[in-house]
Amino acid sequence: MSNYKEIFVKTDKCTGCLTCKIACAVEHSETKSLFSAIRESPRPVSRVYVEWLPGNAKVPVLCRHCEEAPCLNACISGAISRSDTNAVITDAGKCIGCWTCVMVCPYGVIGRDQTLAKAFRCDRCPDREIPACVGACPTQALVYETVDGFSKTKRKTVSRELLTREGA
Amino acid sequence: METRYLIVGGSAAGMAAAHTIRKKDKTGAITVLSDEDTLPYFRPMVPYILTGKKQVPDIALSGTGIFVQPRIDVRTGTIVTSVDPVAKILTTASGKTWSYDKVLFATGSRPYLPETVKGLDSPGVFSLKTVADAAAMAQRSRNTDHVVLLGGGILNLKAAFALLEKKIKVTLVVHSPEVLSQLMDPEDAFLIRKALDRAGLKIMTGCSADHVVTDADGVCAVALDNGTQIPCRMVCVGKGVIPNTECVRGSAITVDKGILADPFTACSVKDTFAAGDVAVTHDPATGEKTVTALWTNAVDMGICAGLNMAGIPTRYTGTLGIMNATQVAKEPFVAMGRVHTKGRDLETHIDKTDTTYRKIVFNKEGTRLVGALFIGDITHAGMYRYVIREKKPIDRIKSHLIRHTLHYGHFM
Amino acid sequence: MTSETPFQHLTTDPAVQQMLAKAKENHISTVWDRYEQMLPQCGFGETGLCCRHCLQGPCRINPFDPGAETGICGANADVMVARGLDRAIAAGTAAHSGHAKHLAHTLLKMARGQAKDYKITDPVKLKKVAARLHIAVDGRADTDIALDVAKAALADFHEKDTPVLWAAGVVTPGRVEVLSKLGLVPKGIDHEVAEIMHRTLYGVDADPVNLLLGGLRCSVADLAGCYMGTDLADILFGTPTPLASQANLGTLKKESVNIALHGHNPVLSEIIVKVAGEMADEAVAAGADRINVVGICCTGNELMERHGIPSCTHSVSQEMALVTGAVDAMIVDYQCIMPSVASVAECMGTKVITTMDICKITGAEHIDVKEETAAENARQAILQAIAGFKKRKNKPTHIPALTNTVVAGFSTESIVAALSKLNAKDPLAPLADSIKSGNIKGVCLFAGCNNVKIPQDINYTKIAAKLLKENVLVVATGCGAGSLMRHDFMDPAKTRDLCGNGLFAVLNAIGEANGLGGPLPSVLHLGSCVDNSRAVEITVALANYLGVDINQMPVVASAPEPTSEKAVSIGTYAVAAGLPTHVGVMLPVMGSALVAKVLTQTVKDLTGGYFIVEPDPDKAADMLLQALNDRRKGLGLV
Ligand SMILES: Cc1cc2nc3c(=O)[nH]c(=O)nc-3n(C[C@H](O)[C@H](O)[C@H](O)COP(=O)(O)OP(=O)(O)OC[C@H]3O[C@@H](n4cnc5c(N)ncnc54)[C@H](O)[C@@H]3O)c2cc1C
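Read top to bottom, the protein sequences are chains L, E and C.
Residues in the first sequence are numbered from 583 upward in steps of one, following the working numbering.
Residues in the second sequence are numbered from 9 upward in steps of one, following the working numbering.
Residues in the third sequence are numbered from -6 upward in steps of one, following the working numbering.
Everything labelled a hint here was simulated from the structure, so no lab data went into it.
Given the structure is predicted, the values throughout are model-derived calculations rather than measurements.
Hints are supplied without guarantee of correctness; some may be wrong.
From the derived model, a few chain E residues whose C-beta atoms are all more than 10 Å from chain L [as the list claims (entries may be wrong)]:
1) K34
2) A68
3) G103
4) D308
5) N332
6) T375
Here are the simulated lysine to aspartate or glutamate pairs, DMTMM-like style, with alpha carbons at most 25 Å apart [said to hold, decoys possible]:
7) L/K640 with E/D385
8) C/K459 with C/D611
9) E/K34 with L/D695
All C-beta atoms in this analysis are idealised placements derived from N, C-alpha and C, irrespective of residue type, glycine included.
Using the sequences and the hints, build the whole thing.
Shown next, in the form of C-alpha cells:
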C-alpha cells in the first residue's frame, strides 16, 4: 500500500456545485485565473466529472490512478506512465489520440481533446500542494490523503473494488 | 539456483512478460530473443516512422509505462528456429543453442499474403508491420505518386493515412462491401466511410486484386478481378495476420492456428508459455477460442504470463476478439465484443445522428451486454468494455447502456 | 512605528486592525472569517453563469464544457449573464428608490400634518425642486408646495403621461435626447423595476443586448430614485453646508451612552439625533456624561453632512463598532446591515434594534418606528441604549484611540456658495476655468462600498492618492467617502500633501475666500449613496455651463470596492449618463464575452459612458487618468 496521497471522494458530502470542475479547468489553463481562463482559446477543460444518480446523489469521479492501471498497460504509444508520486499520467507530447486508454478505463475518466487528438486526465496537480479540485471543494467532499490516513477517518473505496476483478 | 527465463519475441507480449518477471524475480536471468534488428518498440507507432513524424528511438518501449524494469537482456537479430521443450533447449538460425528453465513464445503474428494473388513477392509490394517495413516503404514512396492498398482493415487505413500525409495518392481495394468489415457491419461504417472519402481516400469495394503487374522496377500496376488495372508503383497488403508458429512446429507444443495456451497462459508442455498475437486464448464475450492481433491484449497476456512464469499463478481472463479503439480521419471509434449483428439473433440497439453512431448489442435474451460500437463519440466506452468483459448483471443499468447515460455512479 | 500587523491583508484601517485582534481573541466571527470559510466561491456565480429564474433550474453553464452551452430552457451564457445583471440593477434601483419613497411618504404626511416630528427645514430647496417640477410656488404656503412635491414624487413611481421627472428633468438637454433616442427614459421607477422582473422571467427576453438596454433604462430610474432621495432629504432635514466632524472608532466614548446609527435613511436617524439631544438628563442619571450618537454607513454620512455627527466606521467593518464593547445600542433601518451584527452584539452583551418592518433581524430587538409616532418610538429605542449603558458602564471597553479630522457638508448648493465667494456673479466660472486651464484635470467621483475581497480601503486610498497628485478633483459619497475620511483625505491639514499644485491652488483659494484660513479638504464629501445625485447635479451644471453634454465632460466615476447591488445600479446609471466608470471587483458578467464587451466597449457608442473593470488600483488610476485625458482632448484642452 502506498504512502502517497490520493484524492478520495465522499459522495455524501457532494452538493453537485461543480466548483471542482471549474477549479480543475482553471488549474489546467494557461493563465490559471478564472476570468482570463474563460477567454482562452482553446478553452481549458476539467478532468473531474460529477455524475448524478436518482435520489439526487452527486458523484464526483476522477482518475483513480489505479494500482493495476488498465490504461497504463494499454497505451500503444508509451504516453502513459507512473510518476514519482504514484500518479498515472499522460504525456501529451507522446499521446497520439488513439483512445485505447478511453476504451479500457472502467471509470470513464479519461477525457479527449478531439481537436488536438490528445487524451487527458487528472494529474493530481503536480505544481500544487493540494490538487485544485480538493482545495476548491466547499464541502470537503474531495479529500487528499494517504490511503491509511483516509481509512482512519472513513474508508469509502470507490477505487479498488472494480479493478481487483479486472484480469491482469 | 537462479531461474533462466527465455522469451522469444521482443514486442508487446514478450517485453511485458520480461518486465513483469523482473518485478517479481529480482535475480533470475531474463533473456529476450528477437529476430528484429531494432530494440523493442511500440509497434502501433510504425505508421509514424513511415510518415517520418517519429524516429525509431522516439517509439522505444524501454523506459516508458510498464517497461521500466532493469536487467533485461535483449538479443536482437536472433531468429529462433526450433525448440526442444523436453530438453529445454532453443536453437537459433545461426546454430547457437539456448538452455532455459522457462520459456515464453511471444512470436506474434505476420501479415497474411494470400497465395491466390500472384506477384506479391515483387519489389514494391509491402505490408506494414515492422520499422524495417516502414523504412523500406518510405524509401520506395519517394518515387511513387500512387499506392494501391489491398484490404480495407484498420492496418491498411493507418498505412493509407500515413501515405496520404506524404502527399501520395492512395486507392484501397476492398473485397468486402465496406471498409473495416472485421470491426463492424457494412451499415455501421457509413460515418467512417464519409470521413474517409472526405479525407481523400479512394476506396473501391467489392473487388479484389487478381495479380500484381511488374516491370523492371517491380510493381507497375494491380490487375483486379473485374478486369481493370490500376497503375501504381507500390502496393501495400493488409489482409489480416497469421500467428508466427514456425519455431514450435514439430515440437510437442500443440498448435491449432496459434499456440494453444491454457487459462494460465501455459502451453501443452511444462514450463512453456505463450502470449500475444501468437497465442490462442478465449473470448469472454463469445466464450470461443480466439487469436487476436491487439497490442493491449498482448501486453495484458504478457503480464499474466510473466506472473505465471515467476511462480505466481494468475488466471488470464481472456480477451475480446474485437477490442479496437482508434481515430481515422478525425473520426474516433471503438468496437468491442460482438459487433457483427447482421442476420444474427442478438438484441441490437442502434442510435445515430449525423455525427455519431452507436450500436449496443445484447445477447438474444437481452440479459447481457455482448458488444458495443461507438463512432464519433466514444465517451465512457471503457465502462461498456467492463460490463461486457465482466459479464455484469445489467438489469439496473440496461436503459443507461442503451441511452448512453451510463456512468461510474451506476456501479456504486 | 506601526509594525506589521497580522490583519493588514484584511484592512488598511488601523482601528479596524486593532478590533480584528480583539475579535480573534474573543472568538467573534467577523465578515473576514466568514469570507475565508466561504472560499472557494462558486465559479458559476462569479461569472454570472447560474440561473434560478425558474423551477426547472437551477441551471449553470460550465464555461469549460463545450457540450453545455445553454440552460435547460435554451438560454445561453449571454442571456443568462444579461438577465442576472438586469436583476442586480433592478434590486439596486428598488433600494434607492425605496429610500426615496420613504422620504416622499414622510414629506406627504408632514404636509398633511400627520407627522408632527418632521418639518420643512430647507424651504429654499423645496422651492427649487418645486420649480423644476413646474409646481407653482409663488404665494403658496410651504406645506402646500411640499404636498405637491410629495405627490409628484410618488407619481414618479408608476407609469403616467410624463416620463420620470426626476430623471428627465435633472440631466442635460443633450442627455435627454440621447436617452430618448435609445428608449432609455424611464416611464416610472417602480414600473422599470417591475419590467426588469418581467423581462427576466422564464421565457421572456432572450436577446442579451435588448436585456442590457432594459437594464440601462432601469438604471436611469435608479438615478431618479437617488436624486429624489437627496432632494427630499434636503427639504426635510436641510441641505448640507461645510462643517467639521470626526471619523473612526475613536469617536465612541467610554463614558457616554453610545448609540450607533446604521443604515441609510435620515427619516430614522434624524429623529434619533433630535430626541437624543432632549434626553441628556436621563443619560446623566444613568451615570453617563452624555448621549454620543455616531453613524455607520450612509445614515452616518447623512448625519455627518447635516449635523457633523461623527462617523464611527463603514461598510465591511460595521461589526467592529460592536467589538469595541462600547456601543450601547445599534439602531438600524435598512440596507447594508449585515445580519451578523445581531450575533456580534449578543457576544458583546449589547443590542441591535431594528426599526423598519421590511428589515427585521433574528436576534435583534424590533421597535417599529413610524413617521406618525417617530419621536416616541425614538425615545423608546434610546431608553434601551441607556439601559444598555448601565449594564456595561463598569465593564472594560476597547475603543481604539484613533480618530480622523473631517470637514464635510458639501452639496451642489454649498459648493456653488463657496465658489460664489470667488466670483459672485458667475460662481461656476472659477471651477470651469480651472478645468480649462488644467489646474483641475477633471473630476472623479468615488462611490460604493467596501468589499471583503479587497483589503479594506486600499483601492480608494491608492487611486485617490494618485488622482489627487495629478490634480483631479475628487468627490466622494457613501462608504467611499467613509473610506477616504478614515484615511485623512477629508482633513484640510492634509490637502497640501495630498494634492498636486494646481488642485491645491484651487482648493486653497476657495477655502481662503470662505474664511477657512486654509484649503478645502482634498476630497469633498457629497453625502450618502443616494447623494451620488449631487455629483450628477454638479456635472450637469458644469456641462450646461460649458455648453457640452455629460459624455464630453472630463468626469469619471469609480466604485473601487463595490459590494451592494446598489453599486451596480449606480455604476450603470453613471454609464448611462455618459461617464467612464471604474469597478474594482469583477462583475458577475465574465461568463459572457458579449455582455462584457457591451459593457466595456459597445455601450460607449450609445451613451458615451462605459465600464472599466480593473481590480488593480494602480492600473485603475492610470485608466481613469487616461479617460480624463481623452475627454480633455475631445474638448480641445491640454
Ligand atoms: C502498423 C500497426 C498498427 C497497429 N495498431 C494497433 C492498435 O492501434 N491497437 C492495437 O491494439 N494493436 C495494434 N496493432 C497490433 C499490435 O501491434 C500487435 O497485436 C502486437 O504488436 C502483438 O504483440 P506480440 O508481442 O504478440 O507480437 P508482435 O508485436 O508481432 O511481436 C513479435 C515479435 O517476435 C518476433 N519473432 C517472431 N518469430 C520469431 C522467432 N522465431 N525468433 C525470434 N523472434 C521472432 C517478431 O519479429 C516480432 O518482433 C498494430 C500493428 C501494426 C503492425
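Hint by hint, here is what the structure shows:
| no. | hint | in the structure |
| --- | --- | --- |
| 1 | K34 | holds (19 Å) |
| 2 | A68 | violated (8 Å) |
| 3 | G103 | holds (35 Å) |
| 4 | D308 | violated (6 Å) |
| 5 | N332 | violated (8 Å) |
| 6 | T375 | holds (20 Å) |
| 7 | L/K640 with E/D385 | holds (24 Å) |
| 8 | C/K459 with C/D611 | holds (8 Å) |
| 9 | E/K34 with L/D695 | violated (40 Å) |
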